[in-house]
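Participant: Chain by chain, the residues run as shown.
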Amino acid sequence: METVVRMGEASASRTAGDTLACIGLGSCIGLALVDRAKGVAALAHVMLPETTQPDPPQPHKFADLAVPSLIAMAVAQGASRVRLEACLVGGAAMFSFGGSGQDIGQRNDHAVTKLLDEHRIPVRATATGGSKGRTIRVSVGADITITVREAGGIEEHLLGAVAAGKAALV
Amino acid sequence: MTTFSDMQLDALRELANIGSGNAGTALGSMLGKSVDISVPTAAALPLAEAVAIAGEPDELRYGVVVPIVGDFEAIVVLLFPEADAQKLCGIYGIEPSTPDGCSMLGEVGNILGTNYINVLAQMVGMELEPEPPQVVEDMLGSILSSVLIGRGDDVEEALILDSDLLVEDENCSLSFLLLPNHGGIKELLGRLGL
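Listed in order, the protein sequences are those of chains A and B. The numbering used here applies: residue 1 is where the first sequence begins, and numbers increase by one. The numbering used here applies: residue 1001 is where the second sequence begins, and numbers increase by one.
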């Protein structure tokens, strides 16, 4: 079953054959955490770097709340905290709306990366920045694979199972 | 959880009706063709659902984004399916994927956005000004989500005023969205006495 993780949402699974996807990421970040030994994956669709209010209704909107919460979701599905690995997709700068300093995509990317570092979770692959939208798909199973597709492009592997002669599963 | 009353949404829908009527007339005279406008919808939606209003998140669209600044901040977004962008540019014998084509789509955004907000500005006595249009070809979800959080504001729901324009003869349609920022919309409703 494919679960589409929409803006500000998160989902986790250990059911082989499940897919978790963030479709059409722009400046948002699709953050995937996986325990490949246990076949557990979790995916969050992060919109903003920092919480702006106490106890927000959608904690996964914010990097600072999404990272610890997503770790807990993965662990609750049976992942081992120390085996978690991360992939980041998104954080594009599609438009410039004036404003000050860094664009929101880059700030999201930096916030998530910094938090993963603080939680000592290694980042195995990223497809971030640039100006194009992207889709991330995480296939759950004994052999977890993560793919990314840019707008108008083809699906490329970010993590796992590019076994001999098996190119991108378009 | 919506923060707008039915009466407020009705008033906004009426504003959108007048704005898009004016915008459609302006586009029609630029193209020398008649332009039909659907009855607009006004909806306040949670962000996760707001993206779905215009279609599937992974569909490719040409998007023209016109930021509105002044007494009221908002973003105008035009969305063209590729075939419709081609038909529209085809009126002038150009391709949408070329720099000329992008410029043409940007100009359509400029004309529609400016005429739409000019009427709003006159009706409510606000100073409003469009910024230069930005044209992209990307996934619908990427375009809308990036616009919705474009300035990095935290909003729970998006107010979307949505009209469809149809260029007759060419059978070419586009979606016109006005996404006001939250403070701006309160100000606008305040001036209308709502």
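The set of hints was computed from the structure by calculation and includes no laboratory data. You may find that some hints are simply not true.
[Said to hold, decoys possible] Computed, partial: chain A to chain B, Cβ under 7 Å:
#1 Met7
#2 Gly8
#3 Ile23
#4 Gly26
#5 Cys28
#6 Met47
#7 Leu48
#8 Thr52
#9 Phe95
#10 Phe97
#11 Pro122
#12 Gly133
#13 Thr135
Since the structure is predicted, the reported quantities are computational estimates derived from the model, not experimental observations. Positions of the beta carbon are idealized from the N, C-alpha and C atoms, including for glycine.
Participant: Could you run down the list of hints and mark each one as holding or not?
Facilitator: Evaluated hints:
1. Met7: holds, 5 Å
2. Gly8: holds, 6 Å
3. Ile23: holds, 4 Å
4. Gly26: holds, 3 Å
5. Cys28: holds, 6 Å
6. Met47: holds, 5 Å
7. Leu48: holds, 6 Å
8. Thr52: holds, 4 Å
9. Phe95: holds, 5 Å
10. Phe97: At 5 Å from the nearest chain B Cβ, phenylalanine 97/A passes the 7 Å test, so the hint holds.
11. Pro122: Hint violated; proline 122/A Cβ to chain B Cβ min 27 Å, cut 7 Å.
12. Gly133: holds, 2 Å
13. Thr135: holds, 6 Å
Comparing the model with each numbered hint stated earlier shows that hint 11 is the single one that does not hold.
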